[in-house]
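Student: Quick note: to get the working numbering, add 11 to the position in the sequence shown (first position is 1).
Treat the hints with care, since some could be wrong.
[What the hints assert, rightly or not] Capping the alpha-carbon separation at 30 Å, the derived lysine-lysine pairs in DSS-like fashion look like this: (1) K63 / K103; (2) K103 / K59; (3) K59 / K81; (4) K117 / K138; (5) K38 / K65; (6) K59 / K138; (7) K81 / K103; (8) K117 / K65.
No lab work stands behind these hints: they were computed from the structure. Since this is a predicted model, take the numbers as computed values, not measurements.
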Amino acid sequence: SNDNDDNNNGILGNKKPTIKKKYCIVKPCRGVASDGVHLCSNISELQKAFQKIKGSSIFGSVGSTKNNNKHDAVLVQEFAVGTEYAIDIVSKNGHHKVAALWRYDKRPVNGAPFVYHATELVDANTKIGRAICRYTIRALDAFNIQWGISHNEVIVLDDDDDDDNIVLVEVNCRQHATDFAPLTSACIGYNALDMLLAAYLGDDDHLLPQETKDARLIWDDLPDLPPTRSY
Numbered sequence: 012s013n014d015n016d017d018n019n020n021g022i023l024g025n026k027k028p029t030i031k032k033k034y035c036i037v038k039p040c041r042g043v044a045s046d047g048v049h050l051c052s053n054i055s056e057l058q059k060a061f062q063k064i065k066g067s068s069i070f071g072s073v074g075s076t077k078n079n080n081k082h083d084a085v086l087v088q089e090f091a092v093g094t095e096y097a098i099d100i101v102s103k104n105g106h107h108k109v110a111a112l113w114r115y116d117k118r119p120v121n122g123a124p125f126v127y128h129a130t131e132l133v134d135a136n137t138k139i140g141r142a143i144c145r146y147t148i149r150a151l152d153a154f155n156i157q158w159g160i161s162h163n164e165v166i167v168l169d170d171d172d173d174d175d176n177i178v179l180v181e182v183n184c185r186q187h188a189t190d191f192a193p194l195t196s197a198c199i200g201y202n203a204l205d206m207l208l209a210a211y212l213g214d215d216d217h218l219l220p221q222e223t224k225d226a227r228l229i230w231d232d233l234p235d236l237p238p239t240r241s242y
């Protein structure tokens, strides 16, 4: 999270979240699905985690023997306790529309502190859902992200739905790593990839095959939050 960044505090708020002071998170700057994420409670554990990550292969890199495909930095974050959510958003010229809201179910298993048990698609049109989406959109504005798809993660501290109890974990300009399209299409009626095409090409009808016209999304017709259809 970026709570110490003065440029972001004016937008994301000057709050002091409830965190576990005894612990910190040590993780790769680029990773996926909590791979390589360490929960550390002392300097010795932090040093071991740092050495394990530093110089390791970057996820998704090709030719991992080259130095530029190795981690040359390690990220240390506060350990916030609460419920973690993922927010998939598509942006067009600074107008952000939420594609889907997900709730993670992570538990400690066999000595590993974070193991995925489920990623659940949840209703964004609840009090907590709207608060999460509102906070995340402010984060995108703070980082001046105006175009494209983004996968974002936040933690709601102690299941409190007040905006001041939401902390940022990640803003990432990529799609959700899960095979989300069939699920969101069935439950919501569309998916983030269809939204992305609408954002980039929806105004340029001549660029797209006419036989797909009836199936394409119109950006201006999409709601800012996904509709409640089936959860």
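Student: Given the hinted pair K117 and K138, is their alpha-carbon gap at most 30 Å?
Tutor: holds (23 Å)
Student: Given the hinted pair K59 and K81, is their Cα-Cα distance within 30 Å?
Tutor: holds (17 Å)
Student: For the pair supplied as a hint, K117 and K65, confirm whether the alpha-carbon distance does not exceed 30 Å.
Tutor: holds (25 Å)
Student: Please work out if K103 and K59 have their alpha carbons no farther apart than 30 Å.
Tutor: violated (42 Å)
Student: Between K81 and K103, does the CA-CA distance stay at or below 30 Å?
Tutor: violated (33 Å)
Student: Holds or violated: K63 with K103, Cα cutoff 30 Å?
Tutor: Status violated; Cα separation ~39 Å.
Student: Given the hinted pair K59 and K138, is their alpha-carbon gap at most 30 Å?
Tutor: violated (41 Å)
Student: What's the verdict on K38 and K65, does the C-alpha distance respect the 30 Å limit or exceed it?
Tutor: holds (10 Å)
When each numbered hint is compared with the structure, violations occur for hints 1, 2, 6 and 7.
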